[in-house]
Every structure is written in C-alpha cells, then in structure tokens.
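Given the coordinates of chain U, work out where chains R, W and X should sit on it, guided by the hints.
There are 4 protein chains.
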Amino acid sequence: MKEYRTTIKVRGYHLDLYGHVNNARYLEFLEEARWRMIEGSANLQAWKERGLGFVVVKITINYRRAAVLDDVLEIVSHVHHLGGRSGMIKQEVLRGEGDAVERVADAEVTFVVVDIATGRAVAMAGEIRDALAPGES
Amino acid sequence: MKEYRTTIKVRGYHLDLYGHVNNARYLEFLEEARWRMIEGSANLQAWKERGLGFVVVKITINYRRAAVLDDVLEIVSHVHHLGGRSGMIKQEVLRGEGDAVERVADAEVTFVVVDIATGRAVAMAGEIRDALAPGES
Amino acid sequence: MKEYRTTIKVRGYHLDLYGHVNNARYLEFLEEARWRMIEGSANLQAWKERGLGFVVVKITINYRRAAVLDDVLEIVSHVHHLGGRSGMIKQEVLRGEGDAVERVADAEVTFVVVDIATGRAVAMAGEIRDALAPGES
Amino acid sequence: MKEYRTTIKVRGYHLDLYGHVNNARYLEFLEEARWRMIEGSANLQAWKERGLGFVVVKITINYRRAAVLDDVLEIVSHVHHLGGRSGMIKQEVLRGEGDAVERVADAEVTFVVVDIATGRAVAMAGEIRDALAPGES
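Protein chains in written order, with my numbering: chain U, 754 to 890; chain R, 754 to 890; chain W, 754 to 890; chain X, 754 to 890.
Please note that the accuracy of each hint is not assured.
Which copy is meant is left open, because identical chains are indistinguishable; a pair holds if it fits in one copy or across any two.
[To be verified] Okay, derived cross-link-like pairs now, DSS-like style, lysine-lysine, Cα gap no bigger than 27 Å in a straight line: (1) K801 x K762; (2) K762 x K811; (3) K843 x K762; (4) K801 x K811; (5) K843 x K755.
Note that these hints are calculated values from the structure, not bench results.
Just chain U, with the same shape it has in the complex (with noise of 0.2 Å):
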C-alpha cells in the first residue's frame, strides 16, 4: 500500500471541555484514515466473509499539538513494516502548509490478520501480504 493523505477539518463537536479535539476522537480520525489507505487494496467485507478479520492489537499515540475549531488536519499514514504474523502502520496527523508544517499528533498502529473463527494471527504470507505490504502498488 502506498503513503495515504486524507483531510479532515474540525467541527464543533468533536471538541471537549477545553476547545480541543478529544484525545478519544483522535482515534477516529486515524482509524477513518487508514480505513480510505486500506481500501484501494483490500475488501475487509470480502476478508471478513472469509473469515479473515483485521485488527488493531497496540496503538500508541503522541498529542503534540492542540487542534481546535476549523482546523484541517491532514492525515498521512503508511504501512512501516509487516513481520511474520502482524505489522505496523504509521500515521501522522499535519497541520498547516509549506514551512509551517506542525505536527499535531502521531501514532504507531500494530495490527493484525485473525482467523475470526479462532481469533488468532494468521501469517502474513501470500494473497494478505500482497495486500498490505508498504509500497508503490
């Protein structure tokens, strides 16, 4: 899969108690994000009826920056690396152009293939590993 840029502007309501986005929502956006990245290359509908589920077994995640109101944040993510039986997804949340680039948050998301009937790793080997492997196609 190849690096994914996507923009989301903040509303009102995803807003808390200080006029800053929700460390919850966060997560949202980024999981929005790798959704769009994933689906030019895999059919989770497809893989679920197979019973090949995707799943986010860790996330760590930096808040660097306040977002707030109307602010367009652009999303990059891209898949790291993949191991024999999970991989990572890096992500980046931007804010801003040209030198004013500021980085508002970012996070590693390690995920894995299961077996949903067993809910255990499959190998990231074959048609899963073509699909999610980092790189151009």
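Chains R, W and X in isolation, oriented as in the chain U frame:
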C-alpha cells in the same frame, strides 16, 4: 417493563464548542438508558441468535436546557405503549432534585422488532409483547 | 444557504450489534453535513466570539433502511424555513444512484441562534437571517 | 489518588464490524474511568477557571482480547508516578472474576497540567502534586 431511572455525569469529553453536551451525545445517553431498562426483561443477544433484532425507527428529541460539565443527569425511561408491530419508549433527561428538577431533554423513541433475515417488523405478540409491555413486571 | 450535498462512506466503526449504522452515529453524520453546509455562509467561530451560538433545539429523525459496511451515503441538507426566532433544516440520507436511489433516513432539525450570555434565542434578523436564509446565495 | 475501580457493561452501540468493542471506544471507557478517579481529588472545572488544564500527551494501549456484547469490564486505574512536569496513569481493562480474570486491554496514559493561556506544562508541585500523587488519600 417498569419505569427505569439511571444517572450519567457529564464529563469533559461529552462537551462541544459551547461547553454543552452535544446533541449526538444525548442519543448515546438515551441508548445506554434503554439498554439498562431492557436488559431486565429481554436478552437482546439471545434474541439476535433467534434471528430477532430490536431496531429504532424514529426518534424525536427536544433539547430544552444546556447540560454542562459535572451535571448529574437522571434519565427516566418507560415504554409508553405497544402497537401491533411497533412500540414507543418515552425518555426524559432531568437535572436537580426535589422542587428544583429541570427538564434538560425529552425524547420519544419508536422501535420495532425485526426478523433480521427479512428486515421486516414482526408482530408485538407472545413472548416479545410480554418482554416489552409497559407495566410492573 | 443553498442545498448542500455531501457523502460519507460507512466504515466498520460506524456499525453496531446488527452490523448496521447505529442510530446515534447518524446524528454525527447529519451534524457533519450541517457544518459543511453552514461554513459557506456563516463562521460559527466568529459568531461565538461575538457571543452568538448556533444551537439545535429539536431533532426528528426517521430511520427507514439499514445502512451497512461500504455503503456510500449522500446527505442532502437545506434550510427549509426561518421563523422569527428559529429555523428548520431538512436532511435526507440517500443511497444509490439514478432510479435506484433509496432513502435511508430523513430528519428535521430545528435550531435557534442564542445569546450565549443569556441562553435566549435572538431574532432571526439582519445579518443572521441573511446568513441562514434558504436560497441560492 | 488511590487505585480506582469502575465497571462498564458492553452494549450494542460499542461494537464494530466484528462484533467487538472498537479500539476508539476503549479510549472513551478509559477516559470515563480517569474522570471518576480524578473527581475525588481534583475539581477540573475549578482548575479550568484558574487557567489550568489536565491534558493527555501520550497513550499506549494494548488490545489483548476482544470484548463482546454483555461483557462486564472492570477498569482499574492508578497514578503510576509523577515526574517534574508530567505524570503517568496505568489502566487495565479486566473481565471475569476470581481465578478467571482476563486482561482485555491495558494502557499507559501520560498527562501534563498546562497553563491554558500559554499551553505550557506547569510543574507538578504544591497543590497540583498533592491532588494527583499516587497513594492512599
């Protein structure tokens, strides 16, 4: 089902741009209250395994006062009536005690029980009616 | 404000127990669509700085068909009318194209513009009325 | 602050495509648990009025088992340590009782207290340290 009362305390992540509980968040509060009311009478997981789903088909909600951080909201829910193929739950969101109770919001929630395979509403009869009918049991 | 059309694709995190978009989630879809419609006519952050808030006071929503994973939903929003101190936005959630368009949900959203200091609705007049009135500009 | 235990029951609207609690939803569960823990020691609304905000700067969360409908999750939270300008809360999401307790998820949540006007972290000293320090009071 009897009238059911539950409380939710307003937290920072429930708020929006204006420091008020956001309109969509109320629907989660109301849904949580309905689950708590229903679980004493009906096991929706068991219903699902038998091919039956509890589905909301219409909500009318009035937002009457703004709820803010640390408000303790009491949600009062009851089945108002059952018809042939649908029913209606009334829910009130209250704040304060004794003479000082204020109505923050109120809603009418129309629901059906569907045959999941066909998507069609089934008759509110027999065991289903017994489980959902308003009253003391 | 003109009729405004926006699309949202249904993702795994929008679904519930039955694999359908959950009723509370629709309110976020509708809110996102309203923000997109309004931002061309009114800057709610600037309004807030002047002490004015855009507040929803009533929503009536009909859930007509279940939306499932990968559905592309088109949300059509327009200001239906403005009264003296309130207005109403109509929103439809549609699926499909051409002759096959289905209505997934529709909603009537009544709103007011409030003086944030007093919580009272202000008159839909002058600049406010110009910004929110239905029409081509 | 003492270790704090709270329970949340998994409802249909917490689930996703696979019938499991969605990864972003856990962050709301954890946030709710932190609010309940903190409110005994610190009034965040009063802090806000004095210009101080409680802000999460990093979360690491491991999703170890899938939580499903009707699971009763116990969330155990405690302040693990306070440093000079930040602190860390550990949270576990458990399921089951006695010998059968399973870890569903665990998280490390790094936080700061910021001067809202400047966005800078203040020292974890004096009253702030007293309110947030781990321990029995």
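Verification of the hints:
| no. | hint | result |
| --- | --- | --- |
| 1 | K801 x K762 | between (31 Å within a copy, 18 Å between copies) |
| 2 | K762 x K811 | both (26 Å within a copy, 22 Å between copies) |
| 3 | K843 x K762 | both (21 Å within a copy, 23 Å between copies) |
| 4 | K801 x K811 | within (21 Å within a copy, 30 Å between copies) |
| 5 | K843 x K755 | within (12 Å within a copy, 35 Å between copies) |
Hint compliance for this structure: no hint is broken.
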